[in-house]
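Chains as they are written, first to last, in the working numbering: chain R, 8 to 279; chain Z, 25 to 842; chain X, 12 to 172.
No lab work stands behind these hints, which were simulated from the structure alone.
Because the structure is a prediction, the values reported are computed rather than measured.
Using N, Cα and C, we set each Cβ at its ideal position, and we do this for glycine too.
One thing to keep in mind: the hints can contain errors.
[Said to hold, decoys possible] Now the stretches of chain X that chain Z is said to cover, found in silico as 3 or more residues with beta-carbon under 8 Å:
#1 15 to 25
#2 35 to 44
#3 109 to 118
#4 155 to 163
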Amino acid sequence: MRHQFSYTAPTELTDLLTLLETVGPGARLLAGGTDLLVNIRNGLVKPNTVVDVKRIPEAHAIMSDNTKGLRIGWAVTINDILRNSDIASSYQLLQTCAHDLASYQVRNRATVVGNIVNASPCSDMAPALLCLDASVEIASSKAYRTVPVRQFFTGVKRTVLKPDEMVIGITIPIQSKGAKGKYRKLKRIQGHDLGIIGVAVARVGDSLRIAVSSAAPTPVATGALPLDITDSEALAAVDALISPISDVRCTKEYRRFMVSEFTRRLLAEVRS
Amino acid sequence: MYENNDPRTLAYVGKSVLRKDTSEKLTGTATYVSDMVLPGMLYAQVKKSPHARARIVKVDISKAKALAGVRAVLTGDDLDYRIGLYIVDKNILAKGEVRHYGEAVAAVAATSLEIARKAVDLIDVEYEVMQPVLNHMDALKTDAVLVHPDLGSYEFIEAAFTPVPKTNIANWTKLRKGDVEAGFAEAAYVVEREYDNPSVQHVPMETHVAIVRWGARDKVTIWSSAQSPFTVRNLFCHTFALPLGNVRVIVPAVGGGFGGKAGIHLEPLVACLSKKAGGLPVKLQASREEEFSLLPCRSALTYRIKTGVAEDGRIIAQKMEMFWDAGAYADYAVNVTRASGYSASGPYEIPNAWVDAYTVYTNKPYGTAYRGFGHVEFHWGVERHMELVARTIGMDPLEFRRRNALHPGSITLTGEKITSHTGDVVACMEAVARSIGYGKLTAAEKNRELATGRKIGKGIALLQKAPAMPSNTATAAVIKMNGDGSVTVNIGLTEIGQGSTTALAQIVAERLGFDIGKVHVMVDKDTESDPYDWQTVASKGLIMSGNACILACEDLLRRGYAVASHVLKACVEDLAHDGENVYVRHDTENCIPWRSIAIGYAYPDGKGIGGPLIGVGSYIAQGLSNLDKETGQGKPALDWTFGAHGIICEVDPVTGEYAVRKVASAFDVGKVVNPALLRGQIVGGMIQGLGTATCEGYIYDDAGHLLNPSFTDNKIPTARDLPMEIETIVVENSQIDGPYGARGVAEHPMISVAPALGNAIQSAVDADLAHMPIRFEDVWRAMHDKHPIDNWITKTPAGSCRSDPAARIHTPDAAISP
Amino acid sequence: MRINVTVNGIAYEKDVAENRTLLRFLREDLGLTGTKEGCGAGECGACTVFFNGKTVNSCMVLAVEANEGTIETIEGESSGGMLSRLQEAFDRHHAVQCGFCTAGMIMSARELIHHTPHPTVDQIKEGLEGNFCRCTGYEQIIEAVLDVTGGYTAKEELIHV
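The shape of chain R in the complex, shown without the other chains (with noise of 0.2 Å):
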């Protein structure tokens, strides 16, 4: 790494959350670092300090409840989330899209918190989220919030978190559990890549959810739509959430007509 910073290892939140407020901007957050040390080695982030969030024992709970609902807690990684038998049987659309989040290694260390927070567009993790209407838990020395993975990013990169916040934990409601869902991923290769683009449809108790990344500034989804609704009506309503860009990857033409036939190939394979 060129740049140089110091690094701190916070045993208790509740030192994690009194640190953000006392360094704040000039701080960044350490869970899998996949991103953050990425960021770091090609000069896009230059933090004074890195704080790791990973010697606190409760960040690394996934914890199934059957009236709360799932909580995965800030440094669980996206192989923790592969290996949960919970999550397999109740929460499966969580694992059909990390398991196509970047390498094995990678998945050792990426965090679904993380992954968020970082916020791409590309974001492996945020189509299932969107889709199991997940919660976001918000948390700083003064205060905690919750806010719906839907509100959560506000731009390429950007969410709703201050620099004296910190996400400590995603929630999926108890409504959600047992959720099926599907998700595709077109890339350039079989092996492991960025989305170009990414659909996942899932049923959720007695609706359907889509959702999209890589096609618009943020992840997107739609609201709950009826089991019942048309290709066409549902196809224009996913139409209308993005705006799909051509870059190095792909052209914006190709990538709104893969959305569209995904989406409908999707619909397909979950409704049957």
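Once you've looked at the hints, dock chains Z and X against the given chain R.
The following block gives chains Z and X in isolation, referenced to the frame of chain R:
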């Protein structure tokens, strides 16, 4: 060298002998230059240009020099040396002008990497940005910006190359055989089209790295991850006007080359830093981003082919124009142009041929040698074109190829006659066609189409290549017997992963009749102690170094027999040997162990005779000639290796997504030396070919910034990108002058994978692609007759990959660092 | 910052800069150069090591994160001068060419076998997805892993016509 060996009598050649160099590689103890640290060693870093073309107004190194720990800072103005393999057109650091994104402008050597990086950040360069010329076809226009306005004053190798001063043409290779215009007039059909490839990177897993110590009295030691230690020495000495004996080049384990490390790259700059730093050793390792833009790539190509065919499908005439986008410096590109020029038609007989192959300068990272030396690039055009011609005249593409392929008696483009032992391209073609069930779908395949909705397509492509090398290319081997009767072999050929160490050990063990456990082939190279080898390129290592080893074996045996005949008091002609002893044929108990004569023999009374047994073999390419500069006629080819790929693909007819279900690859290798090693070369090369076909390619914006300088957007195949099924097939028509009949096949597996895929995709969904790479979006566009996208230079927003300004802002510094 | 790390069973105590990566720490501070840098950005897997029992790209881990942790590298794979079964399989199957990806590849293969003792070809491909190899084309590496896990069926290397 070929002996008519019954395969049952061969002990090692033809067997999958385990590699000799794995113990170190498996345990992490193999030393690569990347791993080396020398006492007092300094670390170098380079300041690179963020612009494609700019005048260097001022370089302020004052703050960098003042930083504690900095021992040397250099700019272009400090150095008055010029480099160039064939055209001397490059400064060690940019002088006055930068010619490509990522070009080195200044360099620093410091006591730690961190300090060196900080120092580079403290160097201020003021540029006057100028309009670059980016597209090679634009560079040919009369009013184009000149990348090298002084081209006319550059030193160059006149025997082989023709630069055109006051243009952007670094070289113009011509070939004229027969009368093409008459041929076209006679033809029943004339088919013409243009084909394109972008630049790609070799992506060796170990990036370029060099350590140089410029010692007292100009004695220089270079440690480099390089393919050609003797070429590094030669070019280095030429550049710095030093005698060859002053410079020593050492090459330990190399983490892949693929042609990118064939020449001279970082060594001169690092040497200058060492000299400036008072002779301390200096190490420079390229970052992966630097590998993509500071170090060279593979030239892009636009290939225009016009073919005239008779009614019966025979090719009568063909005009071939190659426009090679070589980037900012000529490096190897002029030779790629020449070598491709004489092979330009692929493995077909063309009675009347015309080739114009141009090496064109542009303001982009420059092209160097790359596996295939132009053949991967131009076979895309050739094999897509043969498909087009066949379809145009209504003939089955396989039959069309059969009718026109080279066979014994055919005359090549350069006037060489194909014989029964040149190799059999049709046999390769038939083998892969059989393997994939070309031309029809099985019942299972038809059912699969119905079940999945995806279309299955099958395509074939042929290939040929001869080593592209000087007509007097030579090599040597030295075999030294050790006191225990084992042998140590020194050769200049470099082990870059291809397995030369093992294959040559097999040849030596075979020829000597020794147990292979007693044959040690040195892995590390040292120009001070190894015999000369031209370069580890061109698929010539096995054939030439193999022959040199056989000659060295014979020399060693002769010397051993001479001593033994004295000791045994027998005629040399009556002697024979095995792995342990030399003995008298008709009196086998009269024998002497090799170890007794290995380093000198002592009679019972103490008198000594003989001395250390050392065999030397030198081998030079025979019967080759230069190409006539006007007609391209001559005999450039040491040997031809022919091959074919057959591909089964499955394409989604709506989205253009596709998967490769099977690849069958066949090569006429003459004689298989090591089946497992050969399979590794074939599969490795084929996968690299699939990478170049499906996802690799440089993308620039219209100011010449490289937009994909890292693995994030410059993808290569992973383990998940393998076809479901791979078949590796060999034909063995002996190369009479090859070791045990073998000929080279190192580059060939990569060639023609792309057009085989393009042909398969066309057969599946009628998508007619003329450019590479073949991405899903490209197939989609071709299927739906949409305008194809620019793959490598984004010109206009309409149908291009250009960034949407609102959503993506390019910041040059972010892209280049670290 | 002072850190205590156990690497291949040996305890080390070292001062490191906070911004030093685990990769450079292993290679330069501890002299364990078997682990390689291929990209420095977490894409190619050449730097794969075990960190607290899980494979990671060590170029994207800070050395300070490994304080009080356990690391295993390629240098710990063989024991008493004897190659492990996995290393022997790589040798037998010609799964090594230039060797630069080999250390990371073996670490990933070991991790795969640990959590999937009898992987299918597809599972092996997924397990090794994060390790680039430019030389071998992966097929012989996959066969080596199949061999060690009992899934390999011998076949002819080449078809002769």
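Quiz item: Hint by hint, which ones does this structure get wrong, listed from lowest number up?
Solution: Violated hints: 1, 4; rest satisfied.
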